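Residue numbers (our numbering), protein chains in the order written: chain A, 160 to 465; chain B, 160 to 465; chain C, 160 to 465; chain D, 160 to 465; chain E, 160 to 465; chain F, 160 to 465.
Derived from the structure by calculation, the hints contain no laboratory data.
Incorrect hints may appear among the rest.
Where chains are identical, the list cannot tell them apart; a pair therefore holds if satisfied intra-copy or between any two copies.
Below, computed lysine to any residue pairings styled on SDA-like, alpha-carbon distance capped at 20 Å [unchecked claim]:
| # | residue 1 | residue 2 |
| --- | --- | --- |
| 1 | 267 | 218 |
| 2 | 213 | 458 |
| 3 | 211 | 272 |
| 4 | 425 | 326 |
| 5 | 211 | 325 |
| 6 | 425 | 282 |
Keep in mind that this is a model prediction, so the values were computed, not measured.
Protein chains: 6
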Amino acid sequence: MLKPVLLTAERIKSLKIQGARNVAIAAIKAIEASAKETKAKTKKEFIRELFKAKRILFATRETEPLMRNALRLIVAQIESSDKKKIVELVEIISQASKMFLKDLENSKKRIAEIGAKRIRNDSIILTHCHSSTVTHLLKKAKTEGKNFKIICTETRPVFQGRRTAKEMLETGIKTTLLVDSAARFYMNRVDLVIVGADAITSEGNVINKIGTSLVALAAHEARTPFYIVTELLKFDPSTMYGDYEKIEERSPKEIWKDPPKNLTIKNPAFDITRRNFIHGIICEEGIIPPHSVIEVIHRKYPWIFS
Amino acid sequence: MLKPVLLTAERIKSLKIQGARNVAIAAIKAIEASAKETKAKTKKEFIRELFKAKRILFATRETEPLMRNALRLIVAQIESSDKKKIVELVEIISQASKMFLKDLENSKKRIAEIGAKRIRNDSIILTHCHSSTVTHLLKKAKTEGKNFKIICTETRPVFQGRRTAKEMLETGIKTTLLVDSAARFYMNRVDLVIVGADAITSEGNVINKIGTSLVALAAHEARTPFYIVTELLKFDPSTMYGDYEKIEERSPKEIWKDPPKNLTIKNPAFDITRRNFIHGIICEEGIIPPHSVIEVIHRKYPWIFS
Amino acid sequence: MLKPVLLTAERIKSLKIQGARNVAIAAIKAIEASAKETKAKTKKEFIRELFKAKRILFATRETEPLMRNALRLIVAQIESSDKKKIVELVEIISQASKMFLKDLENSKKRIAEIGAKRIRNDSIILTHCHSSTVTHLLKKAKTEGKNFKIICTETRPVFQGRRTAKEMLETGIKTTLLVDSAARFYMNRVDLVIVGADAITSEGNVINKIGTSLVALAAHEARTPFYIVTELLKFDPSTMYGDYEKIEERSPKEIWKDPPKNLTIKNPAFDITRRNFIHGIICEEGIIPPHSVIEVIHRKYPWIFS
Amino acid sequence: MLKPVLLTAERIKSLKIQGARNVAIAAIKAIEASAKETKAKTKKEFIRELFKAKRILFATRETEPLMRNALRLIVAQIESSDKKKIVELVEIISQASKMFLKDLENSKKRIAEIGAKRIRNDSIILTHCHSSTVTHLLKKAKTEGKNFKIICTETRPVFQGRRTAKEMLETGIKTTLLVDSAARFYMNRVDLVIVGADAITSEGNVINKIGTSLVALAAHEARTPFYIVTELLKFDPSTMYGDYEKIEERSPKEIWKDPPKNLTIKNPAFDITRRNFIHGIICEEGIIPPHSVIEVIHRKYPWIFS
Amino acid sequence: MLKPVLLTAERIKSLKIQGARNVAIAAIKAIEASAKETKAKTKKEFIRELFKAKRILFATRETEPLMRNALRLIVAQIESSDKKKIVELVEIISQASKMFLKDLENSKKRIAEIGAKRIRNDSIILTHCHSSTVTHLLKKAKTEGKNFKIICTETRPVFQGRRTAKEMLETGIKTTLLVDSAARFYMNRVDLVIVGADAITSEGNVINKIGTSLVALAAHEARTPFYIVTELLKFDPSTMYGDYEKIEERSPKEIWKDPPKNLTIKNPAFDITRRNFIHGIICEEGIIPPHSVIEVIHRKYPWIFS
Amino acid sequence: MLKPVLLTAERIKSLKIQGARNVAIAAIKAIEASAKETKAKTKKEFIRELFKAKRILFATRETEPLMRNALRLIVAQIESSDKKKIVELVEIISQASKMFLKDLENSKKRIAEIGAKRIRNDSIILTHCHSSTVTHLLKKAKTEGKNFKIICTETRPVFQGRRTAKEMLETGIKTTLLVDSAARFYMNRVDLVIVGADAITSEGNVINKIGTSLVALAAHEARTPFYIVTELLKFDPSTMYGDYEKIEERSPKEIWKDPPKNLTIKNPAFDITRRNFIHGIICEEGIIPPHSVIEVIHRKYPWIFS
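Pulled out of the complex, with its shape left as it was, chain A reads as follows:
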């Protein structure tokens, strides 16, 4: 019965599905499809299957908080329900999936609305890497008639900054591209830095594309405001209970195709930006200090800790 889950898990592992949002959506849909095909006779059996599906999907990535939180929500809904019939449980899963997807969509929209207010006319905004939440926000600001410029770092090794630059140019925003290491050289002219997030930790730190913490350091040195733009569902509860943030090591080939023999190439995908470098997290709840993130999660998504 878990075929849809196994198939999706395979596609996530092989990077056929990419991006926190896409991975989460695929996982939810796989769970939903699997539930519909279930042959479980009792709630107990059904739950056992559900946990198995969760384990399979969790194992596809070292860390992927958005997807994991989606599955946590579904499990929490089933566990807290007093329904017993399988059809009812399948329906609960369907409802929870829809709710999660709708919430995610609303969050994105809401974040864009809130964040767009932070874009001042005639200002210069710097961003690092590519984040669809960030570009959505900037397009929203442009749509509202704000006039501003974007500076993108190219974001080695795989140049996601170029993708950001293209999207910005297509929206009609004046765009400048730099090598990553020029961030400090231009920082004194920048009015605002905004970047996305891959995960948020219980300490209020943010995991994002390698180099983010260096941009944050340069922004801090120049007293330039630095904001994170993200759904709170990127919160990773395992950091709460002591786990270190997972920093994925990617292929050296991304950095140098034909390196000399014996050369060690280190290619961490992310780094950690500490809360004291972050002016605020622009999220579906509004603009909050990163220090309060665990209590905001406790209030808004208590099931994340279950």
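Got chain A sorted already, so can you dock chains B, C, D, E and F onto it with the hints?
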């Protein structure tokens, strides 16, 4: 008579001659050759020619302090001499040229000896870009039996870090390569940062490859010692008299070969590392604080200010 | 029916009513008076009138969080009530108004009690501008027998520091007055800085009289504790949803009566002190870190977000 | 009836009972024993006795938050109960005592589990003074097979660091001991600093053995993570309401047995580490930023504020 | 014979002569005039008179380094001369006076030339108080066709910023005026801060109008370059030998004409900006780091230490 | 003939002679005595003996800059002399020895005079460890009628702070003693920190008793001025040429007499205080920034580099 100078100037402009040291050597040799071919009859005429040659060579680059200082030395020698005969003046130029080249060679050797003492056994050294003075120092330390590891940033846009990595591996030094923006992620494990210099300013600041100041900032944040390795003849006296440091803008093509239309690409070749980030300058005079550099120049190379 | 509201709005606009507390009290009383005169027949009509009154009063100032929060409370009470009769609704408004005023009074008293404990014997306290919450606290400490000295900045352009100085002298406290720019010169002798607040933002930053952030910076540099003394009802929920803090521009005449032609005079009334400069907010809830302010508001005044 | 309380109070005062945990346990047991012997006839009388017992035990130490919070819990349970019979009330006290002790035990265990995850293989951990919560955590990490080294400061004046060193050596952990003032000299080699806490304040600051704040400062300068390991029940609610942190002055004899005449010896037992030096508090709730501690307490132990 | 000296001393004391430059010029001229009227018969007598004159003029101000250095130069010239005849000595004084005045004039011109190069097109320059060396520099930059804006602080208590603003407007420079405490609010938009100096100390610190160090602190926080513009002859050699910088206390009436009884008003005229806040000193020698100032003085004005 | 040198070397090695000053004096006297007994026939032979003596004495300590500089001076005098007769050379050594001792004495006196001016009335001075140059300065200030208090750290492991405390009490100065780790707790009340030096490096850093850099860090955090009091002859020229500062490791027994088995005890005698923590060096030349120390040495003691 200025043919050798004109030819050399052309080759410098078209980047056929590159690297501060090579440019300086070529310029000196061109001056020497031109002097030997002179048709000047009087000292006055000879000096006029010399100044013309100097102007031509100065104009080949926006800033190139080592070459300029070489020419300043030659001019100073002629001006302070009471010799009058042309053959004598030609001889003075020959002597000055030899002296400068020998001094430069000695400086390099001396810097390597002094700097090699700073390399501790079992330490991790990070460097940015490629500097022959730095690699010379590291090879010297290796030759002396020191056991250490090197971390090289790749140094976008033209990957000089790869050249550094290759040289290090050939010398048998364990070498790791990173993207530039990973410098902060590894900084807490680094024991020492050393980089070269393109120019030194009267305030004691250092002009070097774009990204140097960001590495320095990350080193400062982690209390990791940061040293500049350079000949003092990279001092640029025009900064003394108010000129801003020249930051060359290079071709956007170095960053992105086929960028989208309307994209602005900024490609500054250098940035400025302020003296308060620099523990010391390892130079032919020993290890000095950058704050004292103008007085060291006044004592050791007073003709630079003439 | 909205006559009392319109009259009061006029008096607020023309600065006949001034000070966050006075403005809030006047607005509440105007709403209450208007409600008593209402000719509305249905709850729907009544609420429509109430919203209109709220809009009129909100429009009197660019930002005035205390007054706005008072009106938010009243609206929230009406909306959450299941009462339907007009007389009952009028009564609810009366009750809510009384409650707000009483709460405000209690907060002030409680803040003074809590804050007075922070005043050590034989200490030197520096304050900037005039805040009745601050002077109330200091008088309380004096009444309790604490022996301390006050340093007041004069607070250009309108010298509110003189008012603070007079109040302190009348209470028998030894008082010194400085020009604003002498704050750093004396900071090493200061044991504690306390100032009031005009507004608190969702990030935990504080809007207060121009110069406050400069005093905070100097306190930070000298490791001198810096506290904000304020009711939490100064919290501005619009900052939560992305709005920038409003910084009122006041008349240039306050700075220079007969300036030369063509001179631009900028006269911002406030500046922003970031949360990392603030040791604590002394408020009706106790002494809290500014980083936790949004969750404290969610717990204590949830209707502010409605 | 209060005999057990009086006896225990005496033993706490005379330092026969020492250590936050031991003092709390003794106080609870004394209350429980006293309750069992009560001759009170009415709930009112019973409560009066209970308050008296609380006052007596509070008075044994200037500040001892763990013990005080234990008593606060017991009182809160009695007050919120609608039981009226004495035997029932005695039973409530017994239950509350057991619950508190069990919670304390669970917290310790849970903190060790969470914190042990923070100990990386091949890392160097520095600690100051002796804390059983810290050593418990380190032993747990060792038991789990983690390989790491400990650096202990000796912790003048009474050398608790020696006790930590002994415990670590007994567990088979490689241990180095330093004088306190060598902490900065070794800090660049340290990967993690963890220390215990005597009290937590409402601002998120931590009171711990004298010298802790200096270690924290040196850790901050070197970008070395600094964590507090403690039960949240060390929170001191009186700081919420304005009280300064109590810093006990201990006997000069601890520092110098036969000092010269006229010498003043100051021997503060604790100092205060501000929240901005603390990466996280490792507690029974997980790893939290110190800035959010008051809201975590409000959520988890609301009776502390009663 | 010392009549001109006594008269001039009187006029300096009564503030009829003001400004470091004017005071120095008046003092020199008085010495010169007195020398011409001398009735001394021997060199010994002449020198005794000279020392007396020096003492009288030194005593007119607590500290006035430019004037004092002028007198030091004259005394040094006489002492080092082997001339014996009175007429010859008088002539030496005349020559030394002329030289000093000419040097001062040249310094001012040279500083303007050097400093003008630092003014970039389309930049915003902030200055505090009024300094003729600074305004001279800015006018020079304007004359050279540079297009830039000036922000002046009003500079309480005696509003010298208004004088700066007027001069700037007369030169056709766009000018904005602020209250002193708004300096931080605008600092992020400022490209360069330049201010004058009243004295330079042996540590490389600068004494200037009260508030300068606060502006420097705000510039430092925002990574805005901060330069001192001054003749090196403002160096105060007494700080070399341990004297504290003199900070003149001026009349409270400057701050508040009719203050309440018992109010203490502190009115320090200057504060001290430490060398680490100063990017460079723009002086007649070029742009130098403040750290090297004592060695520059030793090289250029060795007689200052005599 | 080198018997006096060998005997003295032995006594230095076995710590029978201690303290930078005593060691330097003993070494000079041994050289002088040896020279008088020489059997050398030629200047060449004499110089060979002198170098041998220098080598023997250098080898007694890992680093001892004052003694080494004394010997460097004597050697420089002999080498630069054109005298040839042995008796003349012996006389030169005698003269050089006397000069060095007299200079040292004068330096101490001069430092006390200069430094005493820095002690303000009613101020609190903190010092670490024991330095006779520092206590001499403080006694001088007391003698001049200054009224001030001293705070001494005890200075583990061998409690030199107790010696400082005793000397201060004997001079009638109010003295407080702390454990080393309480330095930060009291720093906000301290007006000035002064400490001695064991060596000065070419970068302008200072080697002094372990813990000095931690005191400096705490002073820096609290904006408390921090001064080094030392003769410039403590400058160590080998750091100029790349050598690391030598940090002597002393016996673990100083820290713990009977440590548990397997415990590693690290006992570094010194640490390094970087120039940016040092307001000034109070030396025989006056008060200078540490950044200029190499140029001051070049000017005043050029033979140190020979």
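These are the hints, each one checked on the structure:
no. : hint      : result
1   : 267 x 218 : neither (27 Å within a copy, 31 Å between copies)
2   : 213 x 458 : neither (24 Å within a copy, 30 Å between copies)
3   : 211 x 272 : neither (38 Å within a copy, 25 Å between copies)
4   : 425 x 326 : between (30 Å within a copy, 18 Å between copies)
5   : 211 x 325 : neither (41 Å within a copy, 46 Å between copies)
6   : 425 x 282 : between (36 Å within a copy, 18 Å between copies)
In this structure, the hints that do not hold are numbers 1, 2, 3, 5, in rising order.
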